[in-house]
Amino acid sequence: MADLNAARRELEDALGGGEVLSDPLALRLYARDASMVEGSAALVVFPRSTDDIVACVRTASRHGLHVVPRGSGTGLAGASTPIGDALVVVTAKMDRIIGIRSEDRLAWVEPGLFNLDLGTALRGTGFTYMPDPSSQQVSSIGGNVGTNAGGPHCLAYGVTSAHVLAMDVVLSDGSVVRLGAEGPEAAGYDLRGVVVGAEGTVGLVAAVCVRLTPEPPAITTMLLDFATVEDCAATVSAIIATGVVPAALEMMDQGIVRAVESFAHAGYPTDAAAVLLVEVDGIAAGVHAQTLEVEAAAHEHSVGTIRVAESAQERALLWKGRKSAFGAIAQIAPHYHLHDCVVPRSKLVEVLTGVYAICRREDITVTNVFHAGDGNLHPLLSFDRSEPGILERVLRASEEIVRLCVDAGGSLSGEHGIGLEKRDFMPLVFTEDDLAAQACVRSAFDPPGRMNPQKVLPDGARCGDFAVAAAGASPDGIGDAAGPSIPEGTWI
Amino acid sequence: MDLIEPGTKDEVRDALRGASERRSSVAIVGGRTHADKGNPAEVDRELSTARLDRVIAYDPEEMLAVVEGGIRMGELRRVLADGGQEWPSDAPDDATVGGTIAVAASSPRRLRMGPIRDSVVELELVTGDGRLVRSGARTVKSVQGYDLHRLATGSLGSLGAIVQVAVKVRPLPKARRLVVSGAGGLAAGRIVLSAVPLPSAVVATPDRIKVSLEGWPAEVEEQTTAISGASGDVEIEDGAPIGGPEAIGAPVVAEVAVAPSRLDGVLAGERDWRALMGVGIAWVGLPDNGKRLASLRRRVAEVGGIAPVIRGPGGLGDAPVPALEVHRRLKAAFDPAGILAPGRFWGGL
Chain A
17 MADLNAARRE LEDALGGGEV LSDPLALRLY ARDASMVEGS AALVVFPRST DDIVACVRTA
77 SRHGLHVVPR GSGTGLAGAS TPIGDALVVV TAKMDRIIGI RSEDRLAWVE PGLFNLDLGT
137 ALRGTGFTYM PDPSSQQVSS IGGNVGTNAG GPHCLAYGVT SAHVLAMDVV LSDGSVVRLG
197 AEGPEAAGYD LRGVVVGAEG TVGLVAAVCV RLTPEPPAIT TMLLDFATVE DCAATVSAII
257 ATGVVPAALE MMDQGIVRAV ESFAHAGYPT DAAAVLLVEV DGIAAGVHAQ TLEVEAAAHE
317 HSVGTIRVAE SAQERALLWK GRKSAFGAIA QIAPHYHLHD CVVPRSKLVE VLTGVYAICR
377 REDITVTNVF HAGDGNLHPL LSFDRSEPGI LERVLRASEE IVRLCVDAGG SLSGEHGIGL
437 EKRDFMPLVF TEDDLAAQAC VRSAFDPPGR MNPQKVLPDG ARCGDFAVAA AGASPDGIGD
497 AAGPSIPEGT WI
Chain Z
167 MDLIEPGTKD EVRDALRGAS ERRSSVAIVG GRTHADKGNP AEVDRELSTA RLDRVIAYDP
227 EEMLAVVEGG IRMGELRRVL ADGGQEWPSD APDDATVGGT IAVAASSPRR LRMGPIRDSV
287 VELELVTGDG RLVRSGARTV KSVQGYDLHR LATGSLGSLG AIVQVAVKVR PLPKARRLVV
347 SGAGGLAAGR IVLSAVPLPS AVVATPDRIK VSLEGWPAEV EEQTTAISGA SGDVEIEDGA
407 PIGGPEAIGA PVVAEVAVAP SRLDGVLAGE RDWRALMGVG IAWVGLPDNG KRLASLRRRV
467 AEVGGIAPVI RGPGGLGDAP VPALEVHRRL KAAFDPAGIL APGRFWGGL
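Chains A and Z are the protein sequences, given in the same order. Note that our numbering has the first sequence beginning at 17, numbered continuously upward. Note that our numbering has the second sequence beginning at 167, numbered continuously upward.
Accuracy of the hints is not assured; some may be wrong.
[Claimed, not checked] Partner residues aside, some chain Z positions facing chain A, computed with beta carbon under 8 Å:
id : residue
1  : E228
2  : S301
3  : V306
4  : R374
[Unchecked claim] Covered stretches of chain A (in silico footprint by chain Z; criterion: 3 or more residues with CB under 8 Å from a CB of chain Z, positions within the stretch not fixed):
id : region
5  : 67-78
6  : 224-237
7  : 257-271
8  : 323-337
9  : 421-432
[Stated by the list, open to error] Which stretches of chain A does chain Z cover? Using the computed rule of at least three CB atoms under 8 Å from a CB of chain Z, they are:
id : region
10 : 18-32
11 : 385-396
Treat the hints as calculated values from the structure; they're not laboratory data. We put the beta carbon where it would ideally sit given N, CA and C, even for glycine.
Build out the structure end to end from the sequences listed, making use of the hints.
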């Protein structure tokens, strides 16, 4: 058992009394993120500098506390849900833009900065930061790094990893290392690429150097509606087949369109079975050519109406409809479970049909709004927790959806991550050797297993199994990342 | 030197497991087109992946190609062109896909296409002790677990043999054009870079600026007009390649990587170079690996960059490796007997 009082005093000395919380209300508030899993926090701290983060890690180490990093708490897989004797390190107060250097196409920012605030600060520079998760108004760059966040515009521009040049990372021994470089390549292995998407399990990100992308000179945004989901999905494939790679290609089914429309009043057609929001960008002449290709592809698949945004305001309104989807569904039921998995584009219709069937069987309302161009599905299960037996049904449906996606050749997650909620599904897609190798990567960064343990990898995935079995290998220095069973100390 | 040429993944596993047991050192080789990159490493034998050359899955609609590591770039280009697509690496036809990934070769079109690491979505690696491990997923987007494929990309064969990969591919452009302007130098390169929207490359040399344009025909016309407006007379060479490090004739070529605005100081005094504007890569031709290379590396180090040699002798240089302990633990986990080209990688690994 950790000496929490001693740890708290140390942290108060290092960071200032106001930056450490231990009252029951605070501990309860920080016991969960936006996933369904609740854990428990021992202490909550708000560092304001890299040195503060180092102090947090050192104190945690001295007192046997786990370190659980947290940005804005919008994570959907439970990566920021603390378990056991956990020091929750909230980066929300580290929200400065350190510097924008458009001549080098980069900006240094602190991890707590909101994604959208970076975009706002870049206005007028001719550059932008491309990853745009739907949570961007409140999600932090550090959190985006942790989950390798995506967003609608990642179809053409790639996910967060493609937009992070370098990071200052605090490792579990308290050392600060700069991974990656301001230039395009760095010495050594691409450790930067491992930290992005590692969900805070290998170190704490104290500063991020993001890559800036020139703003496209021309943009066309279109809303297409269809009488059947099949035609809508077939249009996605047909657009890709023309050789157009849209900047964004988003699909919404009737349930979500109706919820969004009564909320955002964006003029979405509520009688359509499904709509596609398509954005093409680039040079004006090319955008025009791509728009014609998209329209032709849609006409081949019985598109109803094609609405082309005539102004920046209209484009913003169409996007408001898409990006407010997760707020709008509160009209359907008070709680939701948002899924995230990826399937081959050619399996979209098959998997969607399966998702509808599963939810019908479990009598759960499901709506779909997702990154169709990437094959990244987001079935949204709406429910009321007070209904007896509903959680079991939701969890059962969730597992079936995951298996359906995996059977279709898909991935467990496109952008939300594994965290706690999906770690036990990892053996569906990886062998024991694969998982042991991943455990080795993790423990190479964090031999004592102090950083956000019990996330990402399932119980039993151990680096030791990998290295010890090797001919003449010495297990020295290879730690054991896996902790006790997950349900212990957590609940849904 | 002994050459092992396994034809299956299992044969690769057997060979490396056996070598680990005997503590016999091995260098993984592909097409040998990038073999100069890395520090000198004496090995007992070589293991060639060239017979692992199958296309495992390719459906243009998925914009992914799954291939074995030993497939040649030329063959992959032909297969993808039949589907109207390309993997935007400009490595030579004789290079293997696995080798191109293992050295993280930069395409001259990197400005638009990004680094090679962002196109590798799934990877199978046979580790030094003969285990087959896979990471990533066969989808264009995935976050499931730790991205071993990121570590393998650029690892110079120090963690294992890349036996299979899934790479993201893209549609071939409807039109390609090379526009060449008469003035040269970094300042002229910057003028072109800021004047032309979304080029796939702006390559500056001391006496020319070459711009690679790709897209719809009307788009390429619009870009050409923008370049003419910024730099006056231009020559148009439709279909000509932009040219990477192979366009430098010198016996030694170093690949400088620094923040783009630092190129001026780094290239001062050099006469034979090709710089990727907006990217921060410059290939610098040198007569040998002597004083001029050392001096170039000093200037690069002052601005926090690296300058490994990619042709001829000279190795990787002595830039500091961050988190060296993490590197050592990774090497120990993936190559526990230390048989994979000892010393070839950064940090003496």
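Against the structure, the hints come out as follows:
Interface restraint check for E228 (chain Z): the shortest CB-CB distance to chain A comes to about 5 Å, inside 8 Å, so the restraint holds. Interface restraint check for S301 (chain Z): the shortest CB-CB distance to chain A comes to about 7 Å, inside 8 Å, so the restraint holds. The interface hint given for V306 (chain Z) is met, as the beta carbon of that residue sits about 5 Å from the closest beta carbon of chain A, less than 8 Å. Annotation: R374 (chain Z) was flagged as interfacial toward chain A, and the flag is violated, the nearest CB pair being 22 Å apart, outside 8 Å.
Coverage of the region 67-78 of chain A by chain Z is violated [criterion: at least 3 residues with CB-CB distance below 8 Å; count 0]. Residue count for the region 224-237 of chain A with a Cβ under 8 Å from a Cβ of chain Z: 3. That meets the three needed, and the coverage hint holds. Interface restraint, the region 257-271 of chain A with chain Z: holds (4 residues with C-beta to C-beta distance below 8 Å; minimum three). Counting residues of the region 323-337 of chain A whose CB lies closer than 8 Å to any CB of chain Z gives 0, so the stated coverage by that chain is violated, three being the minimum.
Coverage of the region 421-432 of chain A by chain Z holds in this model, with 8 residues showing a Cβ closer than 8 Å to a Cβ of that chain against a need of three. For the region 18-32 of chain A, the proposed coverage by chain Z is not satisfied: 0 residues have a C-beta within less than 8 Å of a C-beta in that chain, short of the threshold of three. Interface restraint, the region 385-396 of chain A with chain Z: holds (4 residues with C-beta to C-beta distance below 8 Å; minimum three).
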